[in-house]
Amino acid sequence: MASIEERITALDELPSLSPAVTELLSVIGDEDVGADDLEAIIVRDTPLCGMVLRAASSARSGFSQPASSLREGVSRLGSQGILKIAITQEAGDVLGGAGIGYGLDPRANQDAYLGGAIAADLIARKTGLSDPNTCFTAALLRDIGKIAMDLVVGEEELEAVLKQEHEGRGQVEIERAAFGYDHAEAGAALAKRWGLPDRLVEAIRYHHEPPSLDVNGDGLIDVIHCADMICIWLGLGAGHDGLSYSLSERSRQVIGLERSSLEGYMVAVVQELSGTLSGLDDMRGELEA
Amino acid sequence: MKLCVGPEGRIITHALGSCIGLTIFDPETQVGGLLHFMLPGPMREGTNHKPFMYAMTGIPNLFKSAYAAGASKGRLVVCAAGGAEILKEGSSFDIGRRNRTMMRKLFWKSNVVLAGEDTGGSAARTMTLCLQTGRVTIKSKGEETMLWPR
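Going down the list, the sequences are from chains A and B. In terms of the numbering used here, the first sequence is residues 1 to 289. In terms of the numbering used here, the second sequence is residues 1001 to 1150.
No lab work stands behind these hints: they were computed from the structure. From a predicted model like this one, the values you see are computed outputs, not experimental measurements. Take these hints with a grain of salt, some might be off.
Claimed, not checked - Below are the SDA-like pairs computed for lysine to any residue, each with C-alpha atoms no more than 20 Å apart in a straight line:
id, chain 1, residue 1, chain 2, residue 2
1, B, K1141, A, S68
2, B, K1088, A, R169
3, B, K1141, A, R169
4, B, K1088, A, E167
5, A, K163, B, T1057
6, B, K1139, A, T46
7, B, K1088, A, S278
8, B, K1139, A, E173
9, B, K1050, A, L277
10, B, K1050, A, S260
11, B, K1050, A, S278
12, B, K1002, B, K1088
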């Protein structure tokens, strides 16, 4: 039986990230990257230029005067702010149509990837375990495997399997039994194909089943796993797979997730998601006007 | 929470996980409402900025708003869906179960009987209230079922 990596390689058409976003992801956390380098990446992507300028001129982002140039926009937002804008927009384009076999529509997808990214960012800031921007990006991309599963397995076959009674089995177990791999493995294979950094590939691979040993020692995978579980509790992006996932006790302990902190995160995610969606709608409206 | 008066339209809440969707409908005045609450109650008193996120505050508010719009308690058809659980967890968060328990406690105290209920398990659900007929439907795993009338 062909591996998931071989199956993805054999596909004729595969959604991909834009060159600008791939380049931005490759320089994430690189202290040697300056405003010149960022401007050189952004200037080649016209829609991204527009988004950077609008965000850097927006009262919602706290700016009272419009940015007069791309350089000024880059300086105002910083590398992490730019990456956040670019990856959020890119996720909409790439992930919007994903997960059809899982019973997801673009709205449910958007709630899931943005909700997870917001949850991961909140957890990282509260615990200080891992870089919040890396957590935001990893959580945003955690379910790209659902794109791959739609393409490799086929939406109808996938749906037929996922709609069966689970009988207490987890989603990951069901997918592995039916197809030989699950969507987290498929996501990691796709992330490698896209050339994403290894840490993002690992976070995508293990977001449902964190390993017993954190080899990187920064809790990134634990943050992404708990952020994903918060979305599952909230029903964000819940499709045919529903709530058929388990919380890792080790990750819960690493994050220090207790009843009060969990409920605090749930409330904060719903409130912040609502604000983010309004902001995105405003930005898309302005770009289309 | 959403409350409407009139014979047209539907109120929908998508993808209920451990949250609970609660519909009320008065067939005579066609007052209908839907509350989507996330948690049984606020963690600490005084932090309840969003009352409709919680059963403790959202449910009384939903009923009060319906009465103010002309609904009568004796005629209200009340249905609930959601309150699902994740497969297993090392801790005892039990959000779905605690949501169900709080809702039932409030209804028991207020003498409210559910006309239709689809709660628990591990499936996500979408709940729809039709304001013309009061019909309540649940969509889960791509299949739609009628919760009220049965």
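Handout entry: Given hint E167(A) paired with K1088(B) - CA-CA distance at most 20 Å
Key = Status holds; Cα separation ~13 Å.
Handout entry: 20 Å limit on alpha-carbon distance, applied to hinted pair K163(A) and T1057(B)
Key = The hint is violated at about 35 Å.
Handout entry: Pair hint K1141(B) and R169(A), alpha-carbon separation not exceeding 20 Å
Key = holds, 16 Å
Practice task
Take the C-alpha atoms of K1139(B) and E173(A), compute the straight-line distance between them, and say whether it is at most 20 Å.
Solution key: Since the Cα atoms of K1139(B) and E173(A) sit roughly 24 Å apart, the hinted pair is violated (cutoff 20 Å).
Problem - Restraint check for K1088(B) with R169(A), where alpha carbons must lie at most 20 Å apart - result: With a Cα-Cα distance of about 10 Å, the restraint between K1088(B) and R169(A) holds, given a limit of 20 Å.
Exercise for the section: Measure nothing beyond the straight line between the CA atoms of K1050(B) and S260(A); if it is 20 Å or shorter, mark the hint as holding. Expected result: holds, 16 Å
Exercise for the section: Sort out whether T46(A) lies within 20 Å of K1139(B), counting only the CA atoms. Expected result: violated, 41 Å
Practice task
Verify the proposed pairing of K1002(B) with K1088(B), using a straight-line Cα cut of 20 Å.
Solution key: Distance of about 33 Å is beyond 20 Å: violated.
Exercise for the section: Take the C-alpha atoms of K1141(B) and S68(A), compute the straight-line distance between them, and say whether it is at most 20 Å. Expected result: The hint is violated at about 50 Å.
Practice task
Could you grab the alpha-carbon distance between K1088(B) and S278(A) and see if it respects the 20 Å cut-off?
Solution key: Outside the cut-off at roughly 34 Å; violated.
Handout entry: Restraint check for K1050(B) with S278(A), where alpha carbons must lie at most 20 Å apart
Key = With a Cα-Cα distance of about 18 Å, the restraint between K1050(B) and S278(A) holds, given a limit of 20 Å.
Exercise for the section: Please work out if K1050(B) and L277(A) have their alpha carbons no farther apart than 20 Å. Expected result: holds, 18 Å
In summary, the structure is inconsistent with hints 1, 5, 6, 7, 8, 12 from the numbered list given earlier, while agreeing with the others.
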